[in-house]
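Novice: One letter stands for each residue in the lines below.
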Amino acid sequence: MSAVEAPGLRRGWAWVAHLRDGGTTPWAEFDGDATSQGPWLPGAIQLELARQLNLAGDAPSPEVVERVLAASAPGRGLPDLELIGADSGSEFGPRPVDPAQVPLKELIRLGTGVLAEELVGVQPALPRAGRGRRARQHVEGDPLLVHRQIGGLREPRAPGGRLKVVGSSLENMLYDVWAMRSLTGSVPSWGRWVRRFSEVDRLPVGIDLATLARRWSRQHGHHQVLVSLEESPAAPAPEAVEAARQVVMALRVLVPADQLHRLREVVVNPWVFAHPGPALGVPATERPWLARNAGLMADRIVAAGYPVHGDPGMLTTTAATSAAPRPQRVLQTVVTLLREGWDQR
Amino acid sequence: MGSAVSARRVILHVGTPKTGTSYVQDVLYNNRIKLRTEGIAYPAERFDGHFLAALDLMRLPWGGLEQEAVGAWDALAAEAKRWPGTTIISHEILATASRAQVKRALETLGHPGTEVHVVLSVRDLVRQIPAEWQENIKHRRTLSYRAFLDQLQDPARSGNIATWFWGVQEIPDILDRWASTLSPEQVHLVTVPPSGAPKTLLWERFATAFGLTGMDLDLHVERVNASLGVPETALLRRINQAANAEVEPVHYRTLVRELLAHQTLSLRSGSPRLALPEPVWEWARDLSQSWVGEIQKRGYHVIGDLDDLLPSGEPPAFSDPDDPRERQVNRAAVEAIKALLLENVRMREVEDDLHRRLAETEQALERAYLRPTYRLREKTVRKLEDSGAGRKAMQAYRFVRGRNSESA
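From first to last, the protein sequence lines are chains A and B. Numbered per my numbering, the first sequence spans residues 1 to 345. Numbered per my numbering, the second sequence spans residues 1001 to 1408.
Some clues are possibly wrong.
If you want the ones that stay clear, here's a sample from chain B, every Cβ over 10 Å from chain A, calculated [to be verified]: (1) N1030; (2) N1031; (3) R1032; (4) K1034; (5) E1079; (6) T1096; (7) P1112; (8) T1114; (9) R1157; (10) W1164; (11) G1167; (12) V1221; (13) A1336; (14) H1355; (15) R1356; (16) V1381.
Heads up, incomplete: computed chain A residues facing chain B, CB under 10 Å, no partners named [to be verified]: (17) S72; (18) P74; (19) S90; (20) R252; (21) L254; (22) Q259; (23) R262.
Cβ pair distances, simulated, as ranges [what the hints assert, rightly or not]: (24) R134(A) with K1081(B): 49 to 59 Å; (25) A17(A) with G1293(B): 55 to 65 Å; (26) E1366(B) with G77(A): 26 to 36 Å; (27) E1326(B) with R192(A): 29 to 39 Å; (28) K1081(B) with A17(A): 29 to 39 Å; (29) Q332(A) with G1063(B): 52 to 62 Å.
For the record, the hints were derived by calculation from the structure and aren't laboratory data. Where a beta carbon is used, it is the ideal one built from N, C-alpha and C, also for glycine.
Chain A extracted, bound-state conformation:
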């Protein structure tokens, strides 16, 4: 009996046909029989992601299912895995698996890779930059607050003038910086990113409010600094940021820098900001570092005597409960986006 005729393999091809038809039966519960429809059976990771697409609602478009079945995940992680019970029986290579046992992060990696591939041929144009109004003052600090205050405005004309330093709780500001940098695709996961700063006991330059204020006051005078502490605007949800981070990371090896920039600005970032949600909290191991730095920042701002709007104690507050994007939700986000497709306007 040739390998193509093996009962396990025939059952495997029948499951592929079942999934192509929008089926949702798990592999372990599936029974069927079909002939080969290709040179090799799609891998367990690909098949499970196709099943997840089907589970999410009405049958997804056949094209997206085919793209998933034919893809290999970008970057580093598990290789393509054979489907247990329909495998070649080789004693070499990674062990075959039940698709239900595939780690969620591998489904996410494959899904974000397919989402990135979908953007390869897209060449969006950046909106024309208007001359617009100039901001009345320099604003630095938390990136989301800065954007809320001067988004779309041009830099103030005068090189000196007043600096408004805007911030909220240090924990929120860290999340905002990570979220914004994630959209460039060259940032590690939230936990690793925070740990890097904690290990060298530094803060990202843009949200080291006390240092920003001190530098400006030294150059332009103490009276030219205002510190404003307020609630951070709604940040993008961690699951959307994580999905976008992985998409952009995959895009970095797919499209030139200029196209990547346009895709981020026109397609990916608007999608991320359309999915607001609660910010992530700093992992428990880094909390002492966070508390010490938040306290120090508040003390330095108060001791310097700058005018302050808001309560410096806000810097030390913490409300976030989750310390990492939840993989199940990230997968749901990726699956939804695969089903609906990017808005490429």
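Since the structure of chain A is provided, determine the placement of chain B on it from the hints.
Specialist: Okay, now just chain B, sitting in the frame of chain A:
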């Protein structure tokens, strides 16, 4: 394969790492002009040109280099399709390519219309395993040798270390992915000779695989990826543990991997070499035997001897890099400090020179700014930029000047 070249074909050297691949790629690159006159193309604009193509094919981020890799595989494949003779493509990380990526690679090269040969250079596991750990340490990793060996021996192969290692080293699986659509005569295994063999022997085997036998090529290369001893590797691991968080990858590459590892610590001889503990040595030997049996069954073209994949004799003495002799590590550390000191001196001299040149430039700039005509022009531009009509006038002026600069 003979040396005569008559039709379009592609020789794809897909691995494995630590089998003299850097040397081979340097020789091919250095001799690329001469090879073309013989009908053989090695299409690369830099010695690691095919590395970028491999990153592109496998969608693999690599410390920022991936942005340079965009489109590199398709460009390379197109060049191979245009060349009427033989094209050689070589990079060891291609060994990890998935079936889908292999399919794309072969299709873009014109297979089956183009005759494609896959070359895999292979070395015995008892040398590959320590070499791979050392390579991990040279790429900022901090895991102990014991942890590394445990991950490799875990049948689940779930971690990144094991996934990568087996992806680039498990010979039968690599060939399952790369050679399933090729006949066995189109698959060539080059075995790395055992230690102590003549230095030219490995190149002669590669020359046979690539069809370069008898050609008079320059075999001298500058880039040497020498191995480190036990105390040197232990030292490097400690440096990683102490400095990783503060040293950016770009500086690590220059200062740690190049300056310390390649140019300083690898020159030290006499220190104990990395080896496998006896139980792991036996496990690796048994595994190698199963691979050799499988390769024999498949009937590939073997250049060298499959016995090269099996360790001979008894396990060598094992010196544990997780518990090295401190005196040996200290000696290596003093040499490392000296190398960094000398590099610091060199950089200070460069810095002094740059300070001097910057001061001269600032003085020249200052003189230019003080000219009344410059100040008048600057004032005029500022005034014009304040009104809509003025801005339009400036736009027209810049258009006429043929540039769109913000400077006056």
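Novice: Each hint: holds or not?
Specialist: Checked hints:
Against chain A, the non-interface label of N1030(B) holds: every CB pair exceeds 10 Å, the least being about 28 Å. No Cβ of chain A comes within 10 Å of the Cβ of N1031(B); the nearest lies about 30 Å off, and the non-interface call holds. The claim that R1032(B) is not at the interface with chain A holds, since no C-beta of that chain comes within 10 Å of its own (minimum 26 Å). Listed as a non-interface residue, K1034(B) keeps its Cβ farther than 10 Å from every Cβ of chain A; the least gap is roughly 33 Å.
Residue-level check passed: E1079(B) sits 19 Å from the nearest beta carbon of chain A, beyond 10 Å. Under the 10 Å C-beta cut-off, the non-interface status given to T1096(B) relative to chain A is violated; the minimum distance is some 7 Å. Listed as outside the interface, P1112(B) is consistent with that label: its C-beta sits roughly 13 Å from the nearest C-beta of chain A, beyond the 10 Å cut-off. No beta-carbon of chain A comes within 10 Å of the beta-carbon of T1114(B); the shortest separation is about 19 Å.
Annotated as non-interface, R1157(B) brings its C-beta within 10 Å of a C-beta of chain A; the closest such distance is 6 Å. With a least beta-carbon separation of about 7 Å from chain A, W1164(B) fails to lie farther than 10 Å from that chain, contradicting its non-interface assignment. Listed as a non-interface residue, G1167(B) fails to keep its Cβ farther than 10 Å from every Cβ of chain A; the least gap is roughly 6 Å. Against chain A, the non-interface label of V1221(B) holds: every CB pair exceeds 10 Å, the least being about 29 Å.
The claim that A1336(B) lies off the interface holds: its Cβ sits roughly 22 Å from the closest Cβ of chain A, which is beyond the 10 Å cut-off. Remark: the non-interface label on H1355(B) is consistent with the geometry, its nearest Cβ contact in chain A lying 23 Å away (cut-off 10 Å). For R1356(B), the shortest C-beta to C-beta distance to chain A comes to about 27 Å, beyond the 10 Å cut-off, and the non-interface label holds. Chain A leaves V1381(B) outside its interface by the beta-carbon criterion, the shortest separation being 13 Å against a cut-off of 10 Å.
For S72(A), the interface hint holds, the least distance from its beta-carbon to any beta-carbon of chain B being 4 Å, beneath 10 Å. For P74(A), the suggested interface contact is upheld, since its CB lies about 3 Å from the closest CB of chain B, less than 10 Å. A least Cβ separation of about 7 Å between S90(A) and chain B falls short of the 10 Å threshold, and the interface hint therefore holds. Annotation: R252(A) was flagged as interfacial toward chain B, and the flag holds, the nearest CB pair being 5 Å apart, inside 10 Å.
Satisfaction of the interface hint for L254(A) is found here, the shortest Cβ-Cβ separation to chain B being roughly 7 Å, below the 10 Å cut-off. Hint status for Q259(A) relative to chain B: holds, with the closest Cβ pair at about 9 Å, below 10 Å. Evaluation of the R262(A) hint against chain B yields a violated restraint, the C-beta minimum of about 14 Å exceeding 10 Å. In this structure the supplied range 49 to 59 Å holds for R134(A) paired with K1081(B), their Cβ-Cβ distance being about 54 Å.
The given range of 55 to 65 Å is broken by A17(A) and G1293(B), whose C-beta atoms sit roughly 37 Å from each other. Checking the proposed 26 to 36 Å range against E1366(B) and G77(A) shows it is violated: the Cβ atoms sit about 56 Å from each other. A hinted range of 29 to 39 Å for the beta carbons of E1326(B) and R192(A) is consistent with their spacing of about 32 Å. Checked against the hint of 29 to 39 Å, the C-beta distance between K1081(B) and A17(A) comes to roughly 35 Å, which is consistent with it.
At about 31 Å, the beta-carbon gap between Q332(A) and G1063(B) misses the expected band of 52 to 62 Å.
Against the hints set out earlier in the document, violations occur for numbers 6, 9, 10, 11, 23, 25, 26 and 29.
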